[in-house]
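A.B. asks: Here are the chains, one letter per residue:
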Amino acid sequence: NAGVTQTPKFRVLKTGQSMTLLCAQDMNHEYMYWYRQDPGMGLRLIHYSVGEGTTAKGEVPDGYNVSRLKKQNFLLGLESAAPSQTSVYFCASSYSVHGGADYNEQFFGPGTRLTVL
Amino acid sequence: AQSVTQLDSHVSVSEGTPVLLRCNYSSSYSPSLFWYVQHPNKGLQLLLKYTSAATLVKGINGFEAEFKKSETSFHLTKPSAHMSDAAEYFCVVSPFSGGYNKLIFGAGTRLAVHP
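Residue numbers (the working numbering), protein chains in the order written: chain A, 1 to 117; chain B, 1 to 115.
If you are wondering where the hints come from, they were derived from the structure by calculation, not from laboratory data.
Be aware that one or more of the hints could be misleading.
Derived DSSO-like pairs (lysine-lysine); straight-line CA-CA distance at most 30 angstroms [unchecked claim]: (1) Lys42(B) - Lys57(A); (2) Lys49(B) - Lys9(A); (3) Lys42(B) - Lys14(A); (4) Lys68(B) - Lys71(A); (5) Lys70(A) - Lys102(B); (6) Lys69(B) - Lys71(A); (7) Lys57(A) - Lys49(B); (8) Lys71(A) - Lys42(B); (9) Lys70(A) - Lys42(B); (10) Lys9(A) - Lys102(B).
Have a look at the derived ranges for each label pair, beta carbon to beta carbon [what the hints assert, rightly or not]: (11) Lys70(A) - Glu66(B): 39 to 45 angstroms; (12) Met19(A) - Ser12(B): 22 to 28 angstroms; (13) Gly3(A) - Lys58(B): 35 to 41 angstroms; (14) Lys42(B) - Asn65(A): 24 to 30 angstroms; (15) Lys70(A) - Ser14(B): 22 to 28 angstroms.
Small disclaimer: the values here were computed from a predicted structure and weren't measured.
Ideal Cβ positions, reconstructed from N, Cα and C, are used throughout, including at glycine.
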């Protein structure tokens with residue numbers, strides 16, 4: 001049981017390049033999330049998905065797109081990278097989003113460190 | 001509006017002394033509350049969670065937190081710090097509103113433990 005995995009672990013891009021970050025979970029969770037972490041700002045939600053084939057915008061969605069073609073995978077795309085997107089990206093998943101903490105606890109991947117030059 | 005405030009951005013303690021990381025939240029509803037820990041260059045790991053079953057919540061590695069509704073606080077404590085506790089800690093609130101329960105993260109508290 002690997003939990004939540006992310007690829008790649010590190011990436012350096014030039015401004016204007018594109019890339020896709022892959023998140024995979026093997027816990028059969030319905031809900032998946034992409035966050036970015038910047039110093040002193042905690043984690044901010046980029047996009048999330050409440051099930052296969054569905055996605056929704058979070059707090060900071062601009063410049064990113066996502067897809068959830070399979071329940072276990074959640075992809076984050078940057079179409080034209082900008083230096084402001086230099087960050088650490090975390091994927092997470094949860095069983096549910098309703099009810100108490102037993103149901104909406106989120107499980108996190110190890111992160112992807114992205115630098116845009 | 002829901003929010004969470006971690007009152008200290010940095011806390012420094014000596015090994016073997018108590019740890020107190022402070023967290024206040026605001027929520028219009030009965031929240032779920034979590035503490036996560038992040039070791040350098042690692043992902044986030046759940047320390048403990050408040051499920052409304054008990055106000056004193058015990059977590060992993062000897063940490064515990066007490067939910068105080070009157071003070072809207074969920075402070076994290078540990079009786080005796082260990083060098084391996086050096087990490088960043090995030091207080092997280094998930095306000096239950098009947099719809100999507102997004103997680104709201106505090107800015108984090110970096111804990112340093114000195115020999």
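A.B. asks: If a hint holds in the structure, say so; if it doesn't, say that too.
C.D. replies: Structure-based check of each hint:
1. Lys42(B) - Lys57(A): Holds, because 26 angstroms separates the two Cα atoms, which is no more than 30 angstroms.
2. Lys49(B) - Lys9(A): holds (28 angstroms)
3. Lys42(B) - Lys14(A): holds (25 angstroms)
4. Lys68(B) - Lys71(A): violated (38 angstroms)
5. Lys70(A) - Lys102(B): Distance of about 22 angstroms is within 30 angstroms: holds.
6. Lys69(B) - Lys71(A): At roughly 37 angstroms apart (the allowed maximum being 30 angstroms), Lys71(A) and Lys69(B) break the hint.
7. Lys57(A) - Lys49(B): Within the cut-off at roughly 26 angstroms; holds.
8. Lys71(A) - Lys42(B): holds (25 angstroms)
9. Lys70(A) - Lys42(B): Since the Cα atoms of Lys70(A) and Lys42(B) sit roughly 26 angstroms apart, the hinted pair holds (cutoff 30 angstroms).
10. Lys9(A) - Lys102(B): holds (25 angstroms)
11. Lys70(A) - Glu66(B): 39 to 45 angstroms: holds (41 angstroms)
12. Met19(A) - Ser12(B): 22 to 28 angstroms: Between Met19(A) and Ser12(B), where Cβ atoms are some 38 angstroms apart, the hint is violated.
13. Gly3(A) - Lys58(B): 35 to 41 angstroms: violated (23 angstroms)
14. Lys42(B) - Asn65(A): 24 to 30 angstroms: Since the Cβ atoms of Lys42(B) and Asn65(A) sit about 27 angstroms apart, the hinted range of 24 to 30 angstroms holds.
15. Lys70(A) - Ser14(B): 22 to 28 angstroms: Check failed, 49 angstroms falls outside 22 to 28 angstroms.
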